[in-house]
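Participant: Line by line, the protein sequences give chains C and E. The first sequence begins at 4 in my numbering and counts up one residue at a time. The second sequence begins at 6 in my numbering and counts up one residue at a time.
Among the hints, erroneous ones may be present.
When the alpha-carbon atoms are kept at most 25 Å apart in a straight line, the in silico DMTMM-like pairs for lysine to aspartate or glutamate are as follows [to be verified]: (1) K137/E <-> E106/C; (2) K51/E <-> E176/E; (3) K137/E <-> D206/C; (4) K51/E <-> D114/C; (5) K121/E <-> E207/C.
Derived list of chain C stretches under chain E, where covered just means 3 residues or more per stretch with a C-beta under 8 Å from a C-beta of chain E [as the list claims (entries may be wrong)]: (6) 199-212; (7) 217-231.
Calculated directly from the structure, the hints in this document are not laboratory data. The beta-carbon is built from N, C-alpha and C at its ideal position, and this holds for glycine as well.
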Amino acid sequence: MMRTLTQPLIILWTALRRIFASPLAGLLNILVIGIALSLPAGMYVLLQNAQGLVAQLSGPQQISLFLALDASQEDIAQLRTQLSRHPAIASVKFVSRNDALEELKQSSGLDDVIAGLESNPLPDAFVIVPKPGSAKSLDELRTALQNMPKVEQAQHDSAWAYKLDALLSFARVAVFILSGLLSLALIAITFNTIRLQILTQRDEIQVAKLIGASNGFIRRPFLFFGALQGLLGGITALLIISTSLLLLQPPLATLSRLYASNFSLQPLSLGDVLSLLLFSVYLGLLGAWLSVSRHLSHVESH
Amino acid sequence: MISFQQVCKRYPGGYEALKSISFNLEKGEMAFLTGHSGAGKSTLLKLIAAIERPTSGIVLVNNQNVGVLKSAAIPYLRRHLGIIFQDHKLLFDRTVFDNVLLPLQICGFDSRESGKRVRAALDKVGLLKQEKINPIALSGGEQQRLCIARAIVNRPSILLADEPTGNLDAEYAQEIMKIFDSFHQVGVTLLISTHDTSVLHDPKIRVIALKHGEIQPPQYDLPPASSGQA
């Protein structure tokens with residue numbers, strides 16, 4: 004029992020002793036890992052926020068169908084039946100030209116201007132909520148509606164949101180590529196650090212081997228070191244991201260007030276934090292494992 | 006305990022360090038391995054600890070064929086051996102105490118038990134007062150004794166020493182031989198290599214004399230003066 008308890012403590016102690024053997028180099032390494040991780044993770048946070056903003060601003064999808072001014076009551080009734088039977092449409096609401104004018108009067112405060120008009124310039128309209136689907140199917144629906152008789156114009160109210168969404172998926176792929184590259188960099192950093200350590204610990208490794216140390220006994224502190232360095236790098240990345248978000252918050256609040264919105268930056272969720280830490284530990288471990296496998300047999304054979 | 010059966014060792018490049026060596030060392034026996042440098046003493050000791058593998062022949066340690074041992078099993082063989090290296094192989098990044106502690110850490114002893122054992126071993130070689138200093142501050146003889154303490158802390162049944170009195174003056178060498186004698190008294194099997202024939206004062210102790218990789222005819226029943234010429 005005591006045997007199994009003390010062994011991890013020795014490994015922990017050995018790994019810590021090696022990190023603090025050269026504190027400045029160790030700290031710089033951790034900082035580099037932290038920055039490398041914070042770049043993709045920070046962009047991920049901004050993307051998540053942008054996505055939230057798009058969802059908040061675009062609201063439910065809808066298509067406004069403006070009818071020709073000469074559309075008769077029969078035309079309207081016919082269109083209404085057609086629309087309510089359409090498989091891609093969830094609901095249809097008719098807004099008559101009088102209702103629309105009334106609404107405009109109330110919401111715009113342009114009573115005088117409107118009262119001065121000789122006739123109502125607004126057309127009858129249908130507000131259509133399509134069933135949820137892709138941007139492409141929505142576009143097809145819009146074209147189909149546009150081609151119906153007595154329809155002047157079919158307007159997709161939140162087309163810009165779709166464009167922004169497409170831009171965001173582009174950015175997501177960019178973040179993904181960046182994460183991949185910087186993960187490789189992180190593995191390379193750990194690989195090199197461990198290589199240097201193995202070289203400086205050469206005597207210790209050789210002596211330990213000669214007096215009966217198993218490969219595991221020699222490898223474990225290095226693997227542990229890699230994992231620990233990854234973890235500390237991950238924590239540094241979290242600190243960088245949180246500080247950046249704090250710094251961005253006040254100017255964003257001003258901006259959002261100017262747009263009469265109550266948007267604020269959301270920090271990383273608990274799940275994201277844990278994933279980031281696990282991922283950085285894993286990368287550190289992987290780099291250490293690769294390095295140990297590559298360099299230890301070299302030291303042992305001399 | 007240790008048995009060599011027609012063991013040859015040829016190094017890459019063709020140099021033949023040992024040619025058909027056969028001998029037995031019984032449990033509790035103490036023997037000196039003599040010969041000039043290059044006679045194959047270090048190679049023979051390395052074969053016992055599986056640091057080198059024989060080119061042909063069989064090396065048995067505790068009835069285990071060491072020459073064909075899987076590399077994963079070698080650490081467990083070495084934990085039963087105490088090895089005193091020619092070049093000491095002490096670690097200068099830690100204290101005297103921690104140097105002796107290393108074999109116990111490798112075996113996974115708990116820290117209270119190992120503390121006791123380390124101090125007992127240091128006491129045995131007379132270095133208890135120096136436990137907290139760095140071994141670099143020790144004299145040659147003290148470093149040698151520290152190396153012995155590290156080799157015995159695990160209480161091995163076999164002790165191998167490669168030139169333990171190599172560059173020590175006669176007084177220190179006598180001291181170290183006394184320490185080995187005391188292990189012999191308690192039943193440890195010892196094989197000690199030396200080129201210094203002046204320590205072979207005791208005619209009762211067995212001598213295995215190597216010359217150009219071969220064992221010379223047994224001479225341990227002859228007066229020590231003639232064994233010195235071997």
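Participant: Hint by hint, where does the structure go against what was stated? Just the numbers, ascending.
Facilitator: 1, 2, 4
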